[in-house]
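Student: Counting from 1, one number per residue, gives the positions in the sequence shown under the UniProt record's numbering.
For the record, the hints were derived by calculation from the structure and aren't laboratory data.
A quick note: this is a predicted structure, and the numbers were derived from the prediction, not measured.
Some hints here could point you the wrong way.
What the hints assert, rightly or not - Pairs of lysine-lysine, BS3-like flavour, derived with a Cα cap of 30 angstroms:
id, residue 1, residue 2
1, LYS590, LYS64
2, LYS591, LYS387
3, LYS59, LYS710
4, LYS64, LYS125
5, LYS269, LYS325
6, LYS710, LYS325
7, LYS387, LYS64
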Amino acid sequence: MIEDSPFVAAAPVLVPMPAERPYTYAVPAGMCVVPGSIVRVPLGPRQVAGIVWDGAVEKVDAKKLRPIEQVFDCPPIDRTMRRFVDWVAQYTLSPPGMVARMLLRAPEAFDPEPWIEGLQRTFAKPDRMTGARMRVLETAEGGLAWTRSGLAHAAGVSSTVIDGLKAQGVFETVMIPPRPVVAAPDPGYAQPSLMPDQNDAAEMLRTNVAAGAFGVTLLDGVTGSGKTEVYFEAVAAALDRGKQVLILLPEIALTHAFLERFQERFGAKPAEWHSDLPPRMRERVWRQVAEGGVLVVAGARSALFLPFRELGLIVVDEEHDPAYKQEDRVFYNARDMAVVRGHIGGFPVVLASATPSVESRVNASQGRYHRAVLSARFAEAALPDLKTIDMRRAPPARGGFLSPVLLGHMRQTLERHEQSLLFLNRRGYAPLTLCRVCGHRFGCPVCSAWLVEHRFRGQLVCHHCGHNERRPEACPECGTLDHLVACGPGVERIAEEVVAHFPDARTIVLSSDLTGGVRRLRLELEAIANGEADIVIGTQLVAKGHNFPNMTLVGVVDADLGLANGDPRAAERTFQLLSQVTGRAGRTGKKSLGLLQTFQPDHPVMRAIVSGDAEAFYEREIAERERAALPPFGRLAGVIVSAATRAEAEAHARGLRRAAPQATDLFVLGPAEAPLSLIGGRHRFRLLIQGERRADMQGFIRVMLAEGPKIRGSVRVQVDIDPQSFL
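Take these sequences, add in the hints, and give me the full structure.
Tutor: Pasting the structure below:
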């Protein structure tokens, strides 16, 4: 209680900025706030939205307190979500205000949606009857309220007919509540016919949902085994209990096909949530999720921070996918945080993948997760035959990148009027451009990276900072004309080679940086599924969950590409990516083939993929992780120090290293220049902290940061707990 003041209390408010704790604000007389209330408060010269937080307020002179300006007419953020925000902040060593910022990303949604003006039939009759008026009156029977345009459209008349009837008192004005963004899904709409192993897995999930308690199930099924249909049964069980459901997907491009599959099963689409959603729709989805009107959301990793009113299930599809890791502002892995969200909320979580992460496999083997296995494709469709092409024995023609063996199989596939897919995880035309005369290489002026040629656009582009420039005709170093050469292949260069070999084939290139964005990508994916392309050339986008019925040949252009980057997860990532991409073939039962061009046919990853013995690969990879005390048997954290000058970054990183506390279960490696030592004009040094599984990693880093040099000048420090990228 604040005495001698027009304010009756004070409240802690968490604001969306790098604040380590809530700020204290005065609560004006007559204003009612509770923990979770979304409020508008002054912050310096600005007004910002914040959340009334838990805990006691600081003892501050009442005269110094600034008042809460407004309490938004919005459902409060519930206690489980507030606990989740605190947990994420503590685990990732991020300011709680920056985590709360992800929760408050739709500010226009804090006020209720306005009601819509509508029309309702009265007992009055028109002065004369026409065919158009008769259709309107028949449509409006039953007493339902209609919008003016909606009634005109339904009755097949112009709006002037509606206006005339309203002028005669046949309709009266009423207010209609905002329309839902999506219709309510029906759990019993189109119940599927499941295979026996699918039914066993679905029954396990239904039982877990019915129990209404926390638990994690790893749904581990080969590509094409019908995992989606199985976890839809868990969704149906949650809806039957009156709960909301969140389904996380790794890529926006996957969303369209997924929405259609969901609608076929439940009679209505789920709400979408991703960065490509228009702002107004984002606001409506946020509001209706908070009010409980939206029952199912399908979205990207940020959907984890939607304010669900009654969340009862989270599904993480393609749980192994690196896209779930956010590496900006707050570094977090949405898969792991989904498990935490389920634990705090007391509800089940399903992780689905054809190639689960090593962490999830270990958690399942140690009993922390349940595991449901689908070992066969749906309807007994056969998996593709997989073979390696030894590029030392069957090299491509001079200047080419496709082996004669692969080209021969592509020709046979075309003759059968079936589709081929060529996979290369490199965007653009070529990863490097140099001058034949003087050897000049085109590098980014603000990054330690080569510029990638994009011949379709006539540009050289940096894939790290976005810098781009026109591809010149002459070398900027020696001035020689027409002596610039592209080194190595990207998908555009492979497309050029394919067109030269198969000029009459319909060829499509799929890459995230092609013009037209997500809309074009979705249209092209639909065209491929409808058989409107003969040869598809794509990056990792093509590896994720797509169903191409006529695809019977998959060729991996450079299967060795992911094995040479020094990443501790390189073998796992390569195995997952190649398994997923070869799994695009033969999903409807046609005999299919996957070919991997490699210079290392005897590499354990290649042998595991070709033999189909995933278990052997996982056993070997898990044993190696355990020997090296790498996750999940040990812990890792990265500390990235960046600055405008190399000297500043190195000095601060060395200061942090010296400030590291003594510990027997944790040790610090570095500092060393990051492999990408310059990004966006900022020099980067990395420290890597490795330790035992039960070590207090966060406490260790907190001490190091507190005892280390103060952040001054251009220096920035980022902490990445459980890093996925080591560049």
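Student: Next pair to validate is LYS59 with LYS710; report whether the Cα-Cα distance is within 30 angstroms.
Tutor: holds (27 angstroms)
Student: Verify the proposed pairing of LYS591 with LYS387, using a straight-line Cα cut of 30 angstroms.
Tutor: holds (14 angstroms)
Student: Against the 30 angstroms threshold, does the CA-CA distance of LYS269 and LYS325 hold or violate the hint?
Tutor: Judged against 30 angstroms, a Cα distance of about 26 angstroms means the pair holds.
Student: Starting from LYS590, check that the Cα of LYS64 is at most 30 angstroms away, please.
Tutor: Violated, because 75 angstroms separates the two Cα atoms, which is more than 30 angstroms.
Student: Holds or violated: LYS64 and LYS125, Cα atoms, limit 30 angstroms.
Tutor: Not OK: LYS64 and LYS125 at ~66 angstroms, beyond 30 angstroms, violated.
Student: Would the hint linking LYS387 and LYS64 be met if the CA-CA limit is 30 angstroms?
Tutor: violated (73 angstroms)
Student: For the pair supplied as a hint, LYS710 and LYS325, is the alpha-carbon distance within the 30 angstroms limit?
Tutor: Distance ~28 angstroms between LYS710 and LYS325 Cα, so the pair holds.
Of the numbered hints stated above, those contradicted by the structure are hints 1, 4, 7, listed in ascending order.
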